[in-house]
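Residues per chain are reported as follows:
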Amino acid sequence: MIKFNNVSKVYDSNGVHALDNVSLNIEKGEFVFIVGSSGAGKSTFLKLIMREEMPSSGSIVINDMHLEKLPRRKVPYLRRTMGIVFQDFRLISKMTVYENVAFAMRCVGKRNDSIKKRVPYILELVGLADKANDHPSELSGGEQQRVSLARALVNNPALIIADEPTGNIDPEMSYEIIELLSEINKRGTTVLVVTHEHELVKSFGKRVITIDDGRVVSDTDDNRFVAI
Amino acid sequence: MSSFGYLIKEGFKNLVHNRLMTLASIGVLISCLVLTGSAVMLTVNVSNIVDSVGDTNVTKVFLDDSYTKLEAVYKGKELSQVANVSQVEFIDKDEAIQAYRDQLGDEVFANMSGDDNPLPYAYSVKMDDLSKYDDTVAKIKEVDGVASVSSHREVAEKLTNLSSFITTMSLWIILALAIISLFIISNTIRMTMFSHRFEISIMKSVGATNAFVRVPFIIEGVVIGLISAIIAIILLFVLSDAVINSVQKILDFKYTRFTEVMWPIIGSFVGAGVLVGSLGSMVSIRRFLTHEGNEILGW
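Taken in sequence, the protein lines are chains A and B.
With the numbering used here, the residue at position 83 of the first sequence is 83, and numbering never jumps.
When you read off a place in the second sequence, starting at 1, and then add 228, the result is the number in the numbering used here.
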């Protein structure tokens, strides 16, 4: 699903070594936390997965696509295989909840009749069926994040990437969001949650990859392997 | 609402969203088109005048006013013997005045028949070799009894020169205006894109192709082009009519009106408007999507 092979990233503009020789492997159906303090290289890691940036060296394979060989015009099709949840929700304030979710389907050229079937189903899944006609400003932070999640899910991606999904919401709501993600993971979607909240991560007992100063400093998956 | 309907709606929203830049783009594009149209109208009319004034090969030779008809007819032989003259044709002054009457109305020339006719007898003369024109005219003037030689050739030449000068001038101005309108349109659309960069970042994060992101902005450009073309067509129609009407009072002639050459002009205006509009938006989209519009995470 996600395969990093000796990946390094040096930004040309300021010479910062954001990632240093990172190798990791995330299989289909896994739920993984990527943990690290700010500036550790989490954002660069995500940008590389989304192919917003290219690695300076090493190779990346996402959903069977070799990113360093992927032509520019194919990038949108890579992104259709992943749903992204942002820390700041990124909802369009002029649109209702329904329209925000439908927007993601319009963008990939889905037809109206399939939008009409799919959006209510997804809103039901994230528990927002009764808020379909509300605008984002009328919702709590946790609800807005669920809309953002609904939008990420609506095109049925194989991989969900959540970038600090709990950064802007109450602690209780944070657990709900992670629960929801874990629910989605049980249905077969690979989930990748990037966060700096170590406490939250501990309580879920999932695989945790810790990044510090551009390197993978621990991976609970490896620990398990070593322990055996 | 299909995704295409959605895009068209977005394109129109963009237009209203930044009216000022839209108006600026439309204004410049209109001046560009109206100028082009005026140049076309001028060229068409001048070449018509030249054609009708002129069989430029014909030169009129006026005889001395005191000549009787018999004397005048006799002069023809002498004129035809001048070197390079191929053909001479006698012009009866009675017929000439009648021709004026027919063209301009009886009242004007009412008292000018018979002995009161102010016109002299004349010949129209054709030449073999027009490159020896000036020489030949000089020789004709030497013939006894020739009062003056007039040629429409000079008038025609001057008109043609003037028209081609104006055409060349307007070509440069049109070119400059076209570049300016491209620039303004692409900036207008760049501004819209900038104000929509949030939506664009979402579109790109869910995997919209660049082609899809582009569509509303190209529609915006095309609509700018179309509106400009329509206004320019109306302006040109009104303007050219007014100009022709006032020129008509000075120099009566059957001028070519806008309605007679309308369809090719309308066609090319709409074509040019759409072309400039879409080109302008394409330039800015390309720049935008490869630079600031390329960000998703760090929006």
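Because the hints were derived from the structure by calculation, they are not lab data.
Fair warning: this is a prediction, and the values are worked out from it, not measured in the lab.
A portion of the hints provided could be inaccurate.
[Claimed, not checked] Result set (SDA-like, lysine to any residue): computed pairs, CA atoms no more than 25 Å apart in a straight line:
hint	chain 1	residue 1	chain 2	residue 2
1	A	Lys202	A	Tyr175
2	A	Lys94	A	Leu78
3	A	Lys94	B	Glu523
4	A	Lys94	B	Lys360
5	A	Lys94	B	Leu235
6	A	Lys94	B	Asn246
7	A	Lys47	B	Thr437
8	A	Lys69	B	His424
9	A	Lys116	B	Leu235
10	A	Lys117	B	Arg425
11	B	Lys237	A	Asp113
12	A	Lys74	B	Asn246
13	A	Lys47	A	Leu70
Open item on the list: Run the distance test for Lys47 of chain A versus Thr437 of chain B: straight-line Cα separation, threshold 25 Å.
Closed with: OK: Lys47 of chain A and Thr437 of chain B at ~18 Å, within 25 Å.
TODO: Decide if the proposed pair is consistent with the structure: Lys94 of chain A and Leu235 of chain B, CA atoms, cutoff 25 Å inclusive.
DONE: Given pair Lys94 of chain A, Leu235 of chain B holds - Cα atoms ~16 Å apart, limit 25 Å.
TODO: For the pair we were handed, Lys94 of chain A and Leu78 of chain A, check the Cα-Cα distance against 25 Å.
DONE: Not satisfied, since the Cα-Cα distance of roughly 28 Å exceeds 25 Å.
- [ ] Mind checking the alpha carbons of Lys117 of chain A and Arg425 of chain B for me, to see if they're no more than 25 Å apart?
- [x] Roughly 29 Å between the alpha carbons, so the hint for Lys117 of chain A and Arg425 of chain B is violated.
- [ ] Starting from Lys94 of chain A, check that the Cα of Asn246 of chain B is at most 25 Å away, please.
- [x] 17 Å, holds
Task: Hinted pair Lys94 of chain A and Glu523 of chain B, Cα distance within 25 Å - done: 22 Å, holds
Task: Straight-line alpha-carbon gap Lys74 of chain A to Asn246 of chain B, limit 25 Å - done: 33 Å, violated
Open item on the list: Need the status of pair Lys47 of chain A, Leu70 of chain A: alpha-carbon distance at most 25 Å?
Closed with: 15 Å, holds
- [ ] Compare the distance between the alpha carbons of Lys94 of chain A and Lys360 of chain B with 25 Å, and conclude whether the hinted pair is satisfied.
- [x] The given pair, whose Cα atoms are some 80 Å apart, is violated under the 25 Å limit.
Task: Satisfaction of hint between His424 of chain B and Lys69 of chain A, Cα-Cα up to 25 Å - done: Outside the cut-off at roughly 30 Å; violated.
Task: Holds or violated: Lys116 of chain A to Leu235 of chain B, with C-alpha atoms at most 25 Å apart - done: Measuring from Cα to Cα gives roughly 18 Å; hence the hint holds.
- [ ] Please work out if Lys202 of chain A and Tyr175 of chain A have their alpha carbons no farther apart than 25 Å.
- [x] Since the Cα atoms of Lys202 of chain A and Tyr175 of chain A sit roughly 12 Å apart, the hinted pair holds (cutoff 25 Å).
In terms of the numbered hints stated before, the structure departs from hints 2, 4, 8, 10, 12, listed from lowest to highest.
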